[in-house]
Amino acid sequence: MKSRLVFLFTTALLILATFNDKRWKPLEVFDNDQGGYYVYLPSVLLYQAAGRADSLQSVQQTYRPGPRPYMGLLTLPNGNVISKYPLGLALAELPWFAGAHTWARLRGLPADGFSRPYQQAIMLAGLFHGVLGLWLLRKLLRRFFPQDDATVAWALAGIGLGTNWFMYASYEGAMAHGLLFVWQLSIVWATASWYETRRTEWAAALGLLLGLAILTRPTEALYALVPLGWGLATQGGLSGWLRWLQSRPGQVLLATAMVLAVAVWQPVFWHAVSGQWWLDTYQGEGFDFTRPHVLDGLFSFKKGWLLYTPLAAVALVGVFFLPPRLRGLRGALLLAVPVVVYVTFSWREWWYGGSFGARPLISLYPMLGLCLAALVAASVAWQRPRRVALRAVLALGIVLNLWQTYQYAAGVIHWDSMTADRYRRNFFIGSIKKLPSDLRLP
444 MKSRLVFLFT TALLILATFN DKRWKPLEVF DNDQGGYYVY LPSVLLYQAA
494 GRADSLQSVQ QTYRPGPRPY MGLLTLPNGN VISKYPLGLA LAELPWFAGA
544 HTWARLRGLP ADGFSRPYQQ AIMLAGLFHG VLGLWLLRKL LRRFFPQDDA
594 TVAWALAGIG LGTNWFMYAS YEGAMAHGLL FVWQLSIVWA TASWYETRRT
644 EWAAALGLLL GLAILTRPTE ALYALVPLGW GLATQGGLSG WLRWLQSRPG
694 QVLLATAMVL AVAVWQPVFW HAVSGQWWLD TYQGEGFDFT RPHVLDGLFS
744 FKKGWLLYTP LAAVALVGVF FLPPRLRGLR GALLLAVPVV VYVTFSWREW
794 WYGGSFGARP LISLYPMLGL CLAALVAASV AWQRPRRVAL RAVLALGIVL
844 NLWQTYQYAA GVIHWDSMTA DRYRRNFFIG SIKKLPSDLR LP
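The numbers in our numbering rise by one with no breaks, and the one at position 223 of the sequence shown is 666.
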């Protein structure tokens, strides 16, 4: 089947990109955010000190002496050091950490949480999350478009090869976004299943998955708008949705309890290391809802979402072509997308540091995949020139994304300082060594 071939081809490219990542050789996997997400594991399991997140940073000097890398570490008033990042990704990396630790001890390698086995294991964990997300996306698309494998193939290729998800499932696999894609895709599946079957287990699954997403990245709480919007669209508006909830209070309480049971582990950790249930770990950062940077976030050459991932704009058009069986998704998108975009780009550092495009919006891609499939399916009834034009746009978007992914990995697209001039002059350059001296950035 065509969608299976797309899945296999995309998986092969993910593996190729991951195993050619230049950071494997100089042991840079745990630099910056990646190390901040991961550091819970060696701190607690190897050094038996939850408040010594600087242990990994100290060990790193053995392998990469020089400037101390940024890992988002925060020193508390009581002297403990913690990561500013939440612990959800570390929990997902735990089996891979355990495997790396066992391998290091069996092979007589340094079992210190930083040596090559640990770095390779965490990159493999990111690759696994990417392939799992791609597999689940194909399952989701086939669930709603079961008789149209060509449509599924185009939508799978559009998201898997045509968006910045590819970067965060391969080169940047140690970041949280590949895992968040899995959680958000599963939330869409559980939401649809709960409203269709009204079974208790789906309510519990929805709460569990939302809790895991929040534990990985707190602002994923915004995706509670997905089941809300889905319900408003399928249950006859606000009054009908409220009656639907009132008829099953046990399920609502169970879903809420599952969210809290998972998300509570972050404040439990904070209390263990600081004595406080709440910590502002992003000191000096935060939201400014009076001065959002929505236009910059969407269109700027610095990090514009729709500039670096134009197929996201094409997928958004698909919301108007969703079939009746996906009216719940239309409600979820119309409610969630404006709020998520506004909140995302109300962050003071709206470009989110080192990233390819607008990485926080990768969590929207499971829903956009269904929209893209709806657009492709609708185009079957179009006249041939329009149908061919749509597929040409999708193909060009995929080529553009893969080229710019390569450029970003090679350092041609700078991680946070691109401008319109640099973008235009760098567009056909594939190696940082070929950049003119006036375009080279530190």
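It should be emphasised that the hints constitute simulated quantities derived from the structure, not laboratory data. Incorrect hints may have been included.
As the list claims (entries may be wrong) - Label-pair restraints from in silico Cβ distances: (1) VAL695 x TRP721: 22 to 32 angstroms; (2) LYS876 x VAL695: 53 to 63 angstroms; (3) HIS714 x VAL823: 53 to 63 angstroms.
Cβ atoms here follow ideal geometry from the backbone N, Cα and C, with glycine treated the same way.
Tested hints:
no. : hint                                : result
1   : VAL695 x TRP721: 22 to 32 angstroms : 26 angstroms, holds
2   : LYS876 x VAL695: 53 to 63 angstroms : 58 angstroms, holds
3   : HIS714 x VAL823: 53 to 63 angstroms : 56 angstroms, holds
When held up to the earlier numbered hints, the structure conflicts with none and fits them all.
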